[in-house]
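Keeping the supplied structure of chain A fixed, place chains B, C and D upon it in accordance with the hints.
There are 4 protein chains.
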Amino acid sequence: MNRRGFASDNNSGVHPEIFTALQEANRGHVAAYGEDSYTRQAYKKFKEYFGNNTGIYFVFLGTAANVLGMGAFTRSYHSVICAESAHIHEDECGAPEKFNGIKLLPVETEDGKLTVEGIQKHIKGIGFEHHSQPRIVSITQATELGTIYSQDEVKALADYAHENNMYLHMDGARIANAAVTLEKDFREFTGDAGVDVLSFGGTKNGMMYGEAILFFNDTAKEEFKYIRKQGMQLASKMRFISAQFFRYLSDNLWYETAQHANKMARLLAREAAQIDGIEITRKVEANGVFAKVPPEIIPELQKEFLFYVWDHEQSVVRWMTSFDTTERDIHDFVALIRKHMNKG
Amino acid sequence: MNRRGFASDNNSGVHPEIFTALQEANRGHVAAYGEDSYTRQAYKKFKEYFGNNTGIYFVFLGTAANVLGMGAFTRSYHSVICAESAHIHEDECGAPEKFNGIKLLPVETEDGKLTVEGIQKHIKGIGFEHHSQPRIVSITQATELGTIYSQDEVKALADYAHENNMYLHMDGARIANAAVTLEKDFREFTGDAGVDVLSFGGTKNGMMYGEAILFFNDTAKEEFKYIRKQGMQLASKMRFISAQFFRYLSDNLWYETAQHANKMARLLAREAAQIDGIEITRKVEANGVFAKVPPEIIPELQKEFLFYVWDHEQSVVRWMTSFDTTERDIHDFVALIRKHMNKG
Amino acid sequence: MNRRGFASDNNSGVHPEIFTALQEANRGHVAAYGEDSYTRQAYKKFKEYFGNNTGIYFVFLGTAANVLGMGAFTRSYHSVICAESAHIHEDECGAPEKFNGIKLLPVETEDGKLTVEGIQKHIKGIGFEHHSQPRIVSITQATELGTIYSQDEVKALADYAHENNMYLHMDGARIANAAVTLEKDFREFTGDAGVDVLSFGGTKNGMMYGEAILFFNDTAKEEFKYIRKQGMQLASKMRFISAQFFRYLSDNLWYETAQHANKMARLLAREAAQIDGIEITRKVEANGVFAKVPPEIIPELQKEFLFYVWDHEQSVVRWMTSFDTTERDIHDFVALIRKHMNKG
Amino acid sequence: MNRRGFASDNNSGVHPEIFTALQEANRGHVAAYGEDSYTRQAYKKFKEYFGNNTGIYFVFLGTAANVLGMGAFTRSYHSVICAESAHIHEDECGAPEKFNGIKLLPVETEDGKLTVEGIQKHIKGIGFEHHSQPRIVSITQATELGTIYSQDEVKALADYAHENNMYLHMDGARIANAAVTLEKDFREFTGDAGVDVLSFGGTKNGMMYGEAILFFNDTAKEEFKYIRKQGMQLASKMRFISAQFFRYLSDNLWYETAQHANKMARLLAREAAQIDGIEITRKVEANGVFAKVPPEIIPELQKEFLFYVWDHEQSVVRWMTSFDTTERDIHDFVALIRKHMNKG
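Heads up: the sequence lines are chains A, B, C and D, in that order.
Take 1 as the starting number for the first sequence in this note's numbering and just add one per residue.
Take 1 as the starting number for the second sequence in this note's numbering and just add one per residue.
Take 1 as the starting number for the third sequence in this note's numbering and just add one per residue.
Take 1 as the starting number for the fourth sequence in this note's numbering and just add one per residue.
All clues given are correct.
Pulled a few chain B residues facing chain C out of the computed Cβ check, cut under 7 Å:
hint, residue
1, Ser76
2, Tyr77
3, Asp91
4, Cys93
5, Gly94
6, Glu97
7, Lys98
8, Gly101
9, Lys103
10, His130
11, Ser132
Hints listed in this document are in silico derivations from the structure and should not be mistaken for laboratory results.
Model, not experiment: these values are computed from the prediction.
Cβ atoms here follow ideal geometry from the backbone N, Cα and C, with glycine treated the same way.
With the rest of the complex left out, here is chain A (with noise of 0.2 Å):
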C-alpha cells in the first residue's frame, strides 16, 4: 500500500520529525494569522540563516510563494524573464499572468538555465511605451530539469539584472537540493548573490504544505501583507506551518532529507546507466534523474513505481527520489528495469 515511487518529491508524505512538531504546535489557543510565537521563532530562524534584515511570509504553495512573490515588484505592465521550462511558465496554468497581469518571456535552453547571453534577447524596448518592460529574471534553483547554478552563476544574472533595473527571482522549490550540491549557505547563493525575492520551498523536501517568501530587498516590504491577504494566502492557523518550518531548519534537517535524496539519484543514476539501453540523459546535480528508456517497457515499469514520462518523442522519462526513499526502493527498481530490459 502506498508504495513509494519516482513520480515526484510531491508523492511522498511528511518527515517523522516535523510530524512531531505539527503535534506539538497543537496546543491550546494562539492568535491567528501569524500573530503567535510559533511564527515568531520561525522568522527567527529563517533570520539565522538568510540574516536580520529578511523579509518573511509564510503561505501555502509553491505556485503562490512564486506569483505574489514576483507580485511585489511588478505592475501589470512589466514583464518577467524565464527559461520556457520553468514552472511559473509551465505549470502555473498562467497563475503568473492572471493575477500579476505580467507577461512572460520564455528562453530557450539546453540545461533549464539562463545565462545573461540568453536573456539579452529580451532587454529591449526600455522606456517605450508599447513594450512590456522587462521587470524580473525568474531562475529555479534546482532547475526543473535537475541541474543547479553556481554562486557565480547565480550573481551574474543578479549583477546584469540590476544594472538593468531589474530583480532577480529564484523560484527555490527545491533549494535545499541544491544547498546540499552546492556545499553553500544558502544565503551565499541567494540573498547574498544578488537574488531579491525567494521562493523557499518545504514540501517537496519533507513538509506537508507551507512556503516561504523571502525578500532580500525592501522594496515590497510594507505593502506586501496585502498583497498575500488578497492573493488568498493568509492562513488562518498559521502556526502549524510555523512550526513546521521551524523544525524543518533546526538541526539541519533540511539538509539531511535534501543529501538523502539527492545521494539516491545518484545511486539510481549509476545503477541505471548499467544497464545496456538505458541512457542517463543529464548530469544528476540534485534529485531528479532524466533516462532514456525504450518505449514499450515504460508502461510495465510504471505498473509497480509511479514516473511520469518528460518526452513522449524522445522516450525519455524522469524519476525524483525524495526525502524517504531508499537503497532498497533503488534497486528494487532497477532489478525491474533489468528484468523488463532483458526481456525485449
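Here is chains B, C and D on its own, set in the frame of chain A:
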C-alpha cells in the same frame, strides 16, 4: 501557555481525532494533486451528505473557496450582491474583485442576513451594457453576526436569484454551527434549497487547514479545475486535506464539535447576561456572542482572555467559542468579568 | 432628421469650430502617438489653465479617463469611496474593478454629492490586512444629478482625503458646466483645491471624442504612459484629439458652449415649472433638469424628443441640454408638454 | 510643414472623402452608443462584405480590437499562440495578458507568418490543469513584416485550430493591403477560410480612428457588449466611427487607398534596390519595405524623412507607405538616399 480565549474559532488548534487521521494518511507515496485514495474517499463521504451529483473541490482556505466558487459563475462584468457585513466584502481585502474582476454590491442589514426585499434595489440595469450585471447573491451561513438563515429563508433567496437569472452562493465557513442549530441535514438548507455553490468550511471547526467548494449546479464543472489551479489553490499533498475532511465527516465528528461550540456560546451568553452592566446584543444562534461591555474593563479582560472589540463606538465585543472551549473556560471568564464589573 | 432632443449631451454632434480645427490638423504626416506639434500645443494650452506642473494625458473616452486616472494611484488592495450615483459605480460596467482590481465603496447621498461625514464610515480597517485599504475619494463635478460642489466643498474633501492618506479624484465629464456656474477658473476648484487627478471631459461639450487625464500630483507621472498604453487608450493619430482640445480651450469656446447649455437648462426648468402637474425635483446647477412628469404622457413626449426616464417609480425624467440646444427647442418642447398636460 | 515620410501609416492623416463623411454625419442629435442610423448603415455595409451572420462591434483602436476580440473566446486559464513578431506580443504593452489574464505563447518565424508546424510545439498539456490551455491561434494579415498569408495558409491554420479545439484570430490592422495583394474578397480569406474573429483596421488606411471587431462565430455574441463596455471601448458619439467606416467601405475607397499604398511600396523597393549598397531584405507584399542601409547615412535620411530602424544590429530599416504617399515622395526620397550613398 496558549490559553484558550474567545477571539476566534481560528485560534483553536486541531481536533485530536483529525490529528490522528493526518497521521494515518502519512504512509508512503501517493499520487499528488488529488489522484489518491484518501481524496476519493473524502469525495465519497461528501456525496453521502450532499448527493452524488455534487462537484467537489478542495482548496486551502475560506477566502479562496469564496472567491473561486463565485468565479466559476462569473465573468468580470458581473456583480455579486451581499450583506455589507459579509466576509467577502469586509475581510477578504478585495480578493473577489481582484481575482474575478467583478463588482460587489453591499446591502445594509440589521442582523447580517439578506432578504429578497433588501437585494431588490440592486436588480437593475439588466441587459444594459453600461451596468455590471447582477449574477450572484451571496449569503453567509452562519452569518458573521452569529445569526442563521432558516431553510425557508435560503429557499426564498435561491428562488428569487434563479428567477432573476442569478445564482446563490453560500459562504459556509461556519456551516456546521448552522446545521446543528437548524437541526437539518446539510443538503436540506444548501443544494436542496437551491444553493448553487457552497464554501464548506472545516478550519474553524477543528481542522488544521482545508476548505471544500461544493457545486450543486453543472455550469462550472468542466473548467473548474483550471480555475482552482490558476487560483493558486491546488494542493500538491492533497491527501492531507482529504484525510481531514474524511474524518471530519465520519462518525458525526463535525456535529459534536459544532454542537459543543454552540452550547458553550449559549452558556457564555446566559451567564454573562446575568452580570449587571453586561448586555447581550444579539440572539445567539451559532458560536458567537455579541455583548455590550463597559469600555474601561475591556483591556483588563483581554489581559487574560483574547477577544476582539466588534464596535468601538457602541463598546460591543465579540466572543467566539470553539470545539475545544470548556465549561471551565466559560466560568473562569465570567468570573473575571464579574470581578471587574464589581470593581467599577 | 436628427432632431435635437434632451436625452444626453452625448447625442449632440461636434461644435463647428472644433470641426474646423480637425480639418486644419489634417495636413500631411506627423509623428503618431502624441509626438507631434498639435499635441505639444494642446499641452501648453492645458498648462495655461492648470499650471505648468500638470501631468497631461489624452485618452479616448471618459470611462477610461476615470479608470486609468484612478489606477495611477491604486494597487489592487485599495478601495475607492464614491457616491452610489457615481458614473464609476453605476455606469462603467465594473471597469474600475476589472482593470484596477480595486473595490468600490458606494455612499448613499441625497444629491449626488459626497461629504466628509458621509465617507467616514468607510475609513476603517486601516493597516489591517484583511480589509481593502481606502485610497481614493472620487467625486463628480458636475454630479450625475446635476449638482455642483463648491470650491470649499472640494477643498474639505481633499483635506480629509489627504489627512487620511488618500487621494481625491474628480470625474469632470461636465467640468465646464460646473466652472460656468461656480464662476471660477478650473484650477481654483481642482488642483488648487486639492484634487490629485482629474478626468477633464470634452465630448459632452462639443468635441467628437477625447478626454484628458490631468495629474496635479507627481506620484504617477513616470509610469503612467505604460498604464495608458496597456489600458488600450493610446491614440495613434493623437493629433486629432489634441487639435480638438486646443480649439476647445482657445478663445473661451469651452465657456461659451457650457454657459449656453446651462442657460438652456435653466430656461427649460423655468418654463416647465410653470406647467401645472410638472415638478422640477432638483435645483438646476448645470445642464441637467430633473422633473416629475405624469407617466402617461412620457411616451407621447418621447415620440418627438428623445430623453430618459431617471426613476420609473417616481416618474422622474432627466432632460439634458447641450451646446447646440436652441431656445426654439426649449419652447417647442415646453409647448408639447403643455399640450399633453392639457389633454389629460 | 508636416512632410510626408515613411515612418508609419499611422503618421498619415484622414482621407478627404472620409473627412467629408464625418462632416455629413455632424448633423443634429442622434442616439449615443451606437443606436443611430449611421451605425446601422455601417453594419449593413460590413454585412455586404462579410455576410449577414457577422457580429460587428466598433472600438476606438487596434489594440482594443485585438484584446477584446480574443477576450470573447478566452477565460484566464487559456493561452494564445502567436508569432514572436506579432503586435499583440511586441507592441501592446501586455494588454492581452492584463485584460484577459491569458498567456501568450510566441513562436519564432522567418517572415512573421505562423505555420501549422510552427505552432505544434505549443499544443500540449491539453486537459492538464497545471498548463494554460491553448485556445486561440492569432495571425496578423498583412504581418508586421509586410508579408501576407494566402487563403490556403489561413485555411490550414483555421482547420488545425478547430481540430484542436481552438479559434483563429486575425489581426487585420492592414487587412486592406492584404486583400489588394491577394486579389480576394475580404471574406474569402477571413470568415470563409475559418477565421473566427477579425480585427478589421481602418486607421492605418485613411480613417481618423476606429476599428471593427468582426465575429464569424456565435460563441461570443450575446455577452460581447459588456466586454466592450467594461473594456472601455464603447464610444458615446459612435456615429463618427460608423460614418467613417461606411464611407471607407463604399465605392471601393478602401481598395484604392490600399492599392495605392502597396504600389508605392513596390516602387520604393524597386528604386531603392537599384542603389548600390542598399539591399531590400524582404519580399514586398503589402505597404512595408525592409531595407539594409549603411548605418552612417540613416540619421542623414531621417533629417528629411521620418522612418524607423527595425533592427539596429543588422542596420535594417522599415519604410511604410500610406494612402497619401506620392510618386514624388518616393523619387525625392530615393534621390536623397542616392546622394548620401554616393558621398560615402
